[in-house]
Amino acid sequence: MIMEMPIPSYVGESRPYGNVGDMRNSGWEFELGYKFNVGDARFDIKGNASYLHNELRNLGNDTGFLNYGINQFSGGGTRAENGQPFPFFYGYKTDGIFQNMDEVRAYTKDGKMIMPDATPGDIRFVDINGDGQITTEDRTNIGNPTPKWSFGLNLNAEWKGFDLGLFLQGVADVDIFDATYRQDIASGNYPTWVLSRWTGEGTSNKVPILKQGDSKNWVVSDLYVNDASFCRLKNIQIGYTIPKSITKKIHFDRIRIYAMAENLFTFTKYHGFDPEIGANANVSDSQKPYTIGVDYGTYPQARTFTFGFNLSL
Amino acid sequence: MNTKIFIAGLCTAAIAFTSCKDSFLEVPCPNGEPLEEYYTTQEHINEAVTAAYAPLHWPDWDGTAYNALNIDAEIMGDDFWVGGSSNTDNEHWHRLFNFTADGNQTLATLWTDFYSGIKRCNDVIKYCEYGEQAGVDKNDLKSYEMQARLLRVYYYSILWHYYGNVPFYLTNLQAPYTAPQMKADEIYAKLAPELEEIIASNILPMKWDSSNYGRVSNAMAMMLYAEIVMYQNDETRYSKALGYMNEIINSKKYALNPDYANLWEESGEWCNESIWEITYNDDNAQRDWGDAAKNVGGTVLPTLISPNTWPGGDGWDTGMDGWGFLPVRLETYDHFDAKDVRRDATCWDVRGVNYTERYQDTHIWLKKYRPYTETCKDCPGSKNLNYNNNLRIYRYAETLLNAAELIARGAGQGDAKSLLTQVRTRAGLGAIDATIDNIIEERHLEFIGEGKRYFDLVRSGKAATTLVPDAYGYRTNTWTPSKKHIPLAQSELDADPTLVQNEY
Numbered sequence: 065m066i067m068e069m070p071i072p073s074y075v076g077e078s079r080p081y082g083n084v085g086d087m088r089n090s091g092w093e094f095e096l097g098y099k100f101n102v103g104d105a106r107f108d109i110k111g112n113a114s115y116l117h118n119e120l121r122n123l124g125n126d127t128g129f130l131n132y133g134i135n136q137f138s139g140g141g142t143r144a145e146n147g148q149p150f151p152f153f154y155g156y157k158t159d160g161i162f163q164n165m166d167e168v169r170a171y172t173k174d175g176k177m178i179m180p181d182a183t184p185g186d187i188r189f190v191d192i193n194g195d196g197q198i199t200t201e202d203r204t205n206i207g208n209p210t211p212k213w214s215f216g217l218n219l220n221a222e223w224k225g226f227d228l229g230l231f232l233q234g235v236a237d238v239d240i241f242d243a244t245y246r247q248d249i250a251s252g253n254y255p256t257w258v259l260s261r262w263t264g265e266g267t268s269n270k271v272p273i274l275k276q277g278d279s280k281n282w283v284v285s286d287l288y289v290n291d292a293s294f295c296r297l298k299n300i301q302i303g304y305t306i307p308k309s310i311t312k313k314i315h316f317d318r319i320r321i322y323a324m325a326e327n328l329f330t331f332t333k334y335h336g337f338d339p340e341i342g343a344n345a346n347v348s349d350s351q352k353p354y355t356i357g358v359d360y361g362t363y364p365q366a367r368t369f370t371f372g373f374n375l376s377l
Numbered sequence: 018m019n020t021k022i023f024i025a026g027l028c029t030a031a032i033a034f035t036s037c038k039d040s041f042l043e044v045p046c047p048n049g050e051p052l053e054e055y056y057t058t059q060e061h062i063n064e065a066v067t068a069a070y071a072p073l074h075w076p077d078w079d080g081t082a083y084n085a086l087n088i089d090a091e092i093m094g095d096d097f098w099v100g101g102s103s104n105t106d107n108e109h110w111h112r113l114f115n116f117t118a119d120g121n122q123t124l125a126t127l128w129t130d131f132y133s134g135i136k137r138c139n140d141v142i143k144y145c146e147y148g149e150q151a152g153v154d155k156n157d158l159k160s161y162e163m164q165a166r167l168l169r170v171y172y173y174s175i176l177w178h179y180y181g182n183v184p185f186y187l188t189n190l191q192a193p194y195t196a197p198q199m200k201a202d203e204i205y206a207k208l209a210p211e212l213e214e215i216i217a218s219n220i221l222p223m224k225w226d227s228s229n230y231g232r233v234s235n236a237m238a239m240m241l242y243a244e245i246v247m248y249q250n251d252e253t254r255y256s257k258a259l260g261y262m263n264e265i266i267n268s269k270k271y272a273l274n275p276d277y278a279n280l281w282e283e284s285g286e287w288c289n290e291s292i293w294e295i296t297y298n299d300d301n302a303q304r305d306w307g308d309a310a311k312n313v314g315g316t317v318l319p320t321l322i323s324p325n326t327w328p329g330g331d332g333w334d335t336g337m338d339g340w341g342f343l344p345v346r347l348e349t350y351d352h353f354d355a356k357d358v359r360r361d362a363t364c365w366d367v368r369g370v371n372y373t374e375r376y377q378d379t380h381i382w383l384k385k386y387r388p389y390t391e392t393c394k395d396c397p398g399s400k401n402l403n404y405n406n407n408l409r410i411y412r413y414a415e416t417l418l419n420a421a422e423l424i425a426r427g428a429g430q431g432d433a434k435s436l437l438t439q440v441r442t443r444a445g446l447g448a449i450d451a452t453i454d455n456i457i458e459e460r461h462l463e464f465i466g467e468g469k470r471y472f473d474l475v476r477s478g479k480a481a482t483t484l485v486p487d488a489y490g491y492r493t494n495t496w497t498p499s500k501k502h503i504p505l506a507q508s509e510l511d512a513d514p515t516l517v518q519n520e521y
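Protein sequences, first through last, are from chains A and B. In the working numbering, each residue's number is its place in the first sequence (first place is 1) plus 64. In the working numbering, each residue's number is its place in the second sequence (first place is 1) plus 17.
If you are wondering where the hints come from, they were derived from the structure by calculation, not from laboratory data. No residue lacks a Cβ here, since even glycine has one placed at the ideal position from N, Cα and C. Don't take every hint at face value.
Unchecked claim - In silico lysine to any residue, SDA-like type, Cα no more than 25 Å apart, as pairs:
no.	chain 1	residue 1	chain 2	residue 2
1	A	Lys212	A	Gly342
2	A	Lys280	B	Ala217
3	A	Lys280	B	Gly431
4	B	Lys136	A	Ser350
5	B	Lys136	A	Ser348
6	B	Lys384	B	Tyr350
7	A	Lys280	A	Lys352
8	B	Lys501	A	Ser73
9	B	Lys311	A	Lys298
10	A	Lys173	A	Asp191
11	B	Lys143	A	Tyr81
12	A	Lys352	A	Asp191
13	B	Lys143	A	Lys298
14	A	Lys352	B	Trp306
15	A	Lys352	B	Ala82
16	A	Lys352	B	Ala310
17	A	Lys298	A	Lys275
18	B	Lys501	B	Tyr55
19	B	Lys384	B	Gly429
20	A	Lys280	B	Pro486
21	A	Lys280	B	Ala82
22	B	Lys207	A	Pro353
23	B	Lys136	A	Tyr81
24	A	Lys275	B	Asn115
25	B	Lys136	B	Lys269
26	B	Lys311	A	Gln148
27	B	Lys400	A	Lys352
28	A	Lys280	B	Tyr521
29	B	Lys311	A	Tyr360
30	B	Lys269	B	Ala217
31	B	Lys200	A	Glu77
32	A	Lys176	B	Thr117
33	A	Lys157	B	Pro514
34	A	Lys280	B	Ala310
35	A	Lys157	B	Thr117
36	B	Lys311	B	Glu64
Unchecked claim - Quick look at which bits of chain A chain B covers, simulated, 3 or more residues with Cβ under 8 Å:
no.	region
37	219–232
38	262–275
Kindly produce the complete structure, drawing on both the sequences and the hints.
Have a look at this one:
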């Protein structure tokens, strides 16, 4: 595994590349195809699916882990760690919102308040290590930007000069980190999900209170992690070939007209522009692996419509 | 991986079955010339020296964060607010202002910038060895090596001022790329004798000729020495520091600029008063967003510290970019005697001008580094990142005040009052007694916005009583001695788990 060596920045030099570690990708691939005719119609269906288990075996440094930040976010980011998928989102787990002071006081460990400074509307962070307080030690794996499942479906059909081509593609069991809400600039753009923030008892049990200068709630947590599974109609094409008996008369061997659409439909629960973002294209190659699945407002893929015809002499 | 092993296997087989000469194994270096062969001319080593100076101009904007050296210090003091669009805009400054910084909100990239400088200085010293073997002029090499050693002390001294306990190394690190973290006192114990040695060698001139302004000089080394000795309150070195100040004064190569306001104008750069500045230039300036932040060019400082949506006028055109950081406190303006010429050279008073106020806006801005259309006009690209202003680090006025204070602290003989009076006369004020308190107060007025006040408060023991909650509810915490050393960045603690975080 050739990657940047995880050295401290006080070395004074950009991180050198080295054959630093091992990674294992294991899984299964399935493919199934079937051709059949129904009357005059001919069909050709092909589907594939793959299951991937990705594991960083050895990062190659002493600690066995390395943290990378997410721009404009504090308290976590993406992380590499032995025995975990590479990369994964590393931050705090949330457990709803404190609705009132009673709930703050009731959140205790051995009789001591776990978050004594919290006020109503703040996030209840999970005390992962059980030491009775919320510290950086409570950060954990909160999401995996590498899809476990990828699948595709190809369908071709022909009937009396008409032809249809269709390509579906998707992934499942994958997460995205929505980094588009920049909490450090009060006058920045807000995504609409901020509207569902906590504004009083019982108003929200997910999105915390919105106030200026709040660095407690808006840290890297599962609040920003979203299911990025999607299924997309990547390509669909419908064509019609004019019968030879007609085309011969005007001295053409073949005339076909068609209509095509790319990215016509995307089925996803993700609220951002596009669930299929990959790595950030605007950072250097060495930084790209750490931006996988971090959505800084990636420009979405265009929906394209094409109409045309093929002529053969 | 398997493919590689397979190919390696084939190659082994190929070599095993064909005979070959030794020369077959000597392949040219695919990355170009090896360092030992490149750094064998005066010209090439000078390139490395220039590269060692380069990180000096990164902190104001290094592509990741804004850490202008004077702002970093002033926001912890008592003359300015932080400003910006809100108290989360450049949150690290707001947190340092209120003494609530942590590993995630600290001067993370100042550390990275200046360790790059240290690494490059170490490189120069190494390359000078290569040059010596190749017969490069010995005097040139001595000068390069000494500049690198002095610059390295400057870089370490900044890290030492802010973080205190930092990793220390004088030859560049090899695998596993870690260096021992030293206590602040241990760092000081390394830096002070190194400066004594550099000064005693007398290799660097007291003042460079004008074509070499920007290089570190012996006078700069002496100023740096006085600064760290006084910050450490190391009485054993006071007399030596006073001796150095007297050397600068007696050299007659520096003098007060009779016009305090001119110090901050373009024509005042590298005037007789200037001992050392970090140079920025708008001519063909190339600094920009992202990686281009480290290109040659001007500074973003005037943009950072000027009013937002300026309507135009007063030498700065409408539409120019201002971000509203570092508003001057009203109390600071009022603190000046009305006769003090420094007030109107320090404060850009725009009360009465309408523009969109930003957070903590007082309508008074730091005039010393305020923007003018004129001072960024020669930049062909992002003008707001490329103002011409050099950052003034050491001035002759400080030499005089250092000497006065060292005398007042019992370092040796001398007329402290006349030294202090020189500075006050230029400001349009009369003589006062040269008590330590009076001198600290004079430094306050003289150096507002130059990044000295906070450290003066710390070393003189006044921080805990001066840096207290304000009447506006901005600063709610009081400085304590543990605030002297700011937190190390969490990312560094993660990368080197042997680093110990400062008790902040």
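The hints, checked one at a time:
no., hint, in the structure
1, Lys212/A with Gly342/A, "14 Å, holds"
2, Lys280/A with Ala217/B, "52 Å, violated"
3, Lys280/A with Gly431/B, "55 Å, violated"
4, Lys136/B with Ser350/A, "21 Å, holds"
5, Lys136/B with Ser348/A, "22 Å, holds"
6, Lys384/B with Tyr350/B, "12 Å, holds"
7, Lys280/A with Lys352/A, "28 Å, violated"
8, Lys501/B with Ser73/A, "23 Å, holds"
9, Lys311/B with Lys298/A, "42 Å, violated"
10, Lys173/A with Asp191/A, "9 Å, holds"
11, Lys143/B with Tyr81/A, "23 Å, holds"
12, Lys352/A with Asp191/A, "31 Å, violated"
13, Lys143/B with Lys298/A, "58 Å, violated"
14, Lys352/A with Trp306/B, "18 Å, holds"
15, Lys352/A with Ala82/B, "20 Å, holds"
16, Lys352/A with Ala310/B, "20 Å, holds"
17, Lys298/A with Lys275/A, "41 Å, violated"
18, Lys501/B with Tyr55/B, "43 Å, violated"
19, Lys384/B with Gly429/B, "37 Å, violated"
20, Lys280/A with Pro486/B, "22 Å, holds"
21, Lys280/A with Ala82/B, "21 Å, holds"
22, Lys207/B with Pro353/A, "40 Å, violated"
23, Lys136/B with Tyr81/A, "18 Å, holds"
24, Lys275/A with Asn115/B, "18 Å, holds"
25, Lys136/B with Lys269/B, "35 Å, violated"
26, Lys311/B with Gln148/A, "36 Å, violated"
27, Lys400/B with Lys352/A, "30 Å, violated"
28, Lys280/A with Tyr521/B, "18 Å, holds"
29, Lys311/B with Tyr360/A, "24 Å, holds"
30, Lys269/B with Ala217/B, "19 Å, holds"
31, Lys200/B with Glu77/A, "23 Å, holds"
32, Lys176/A with Thr117/B, "24 Å, holds"
33, Lys157/A with Pro514/B, "24 Å, holds"
34, Lys280/A with Ala310/B, "31 Å, violated"
35, Lys157/A with Thr117/B, "24 Å, holds"
36, Lys311/B with Glu64/B, "16 Å, holds"
37, 219–232, "violated (count 0)"
38, 262–275, "violated (count 0)"
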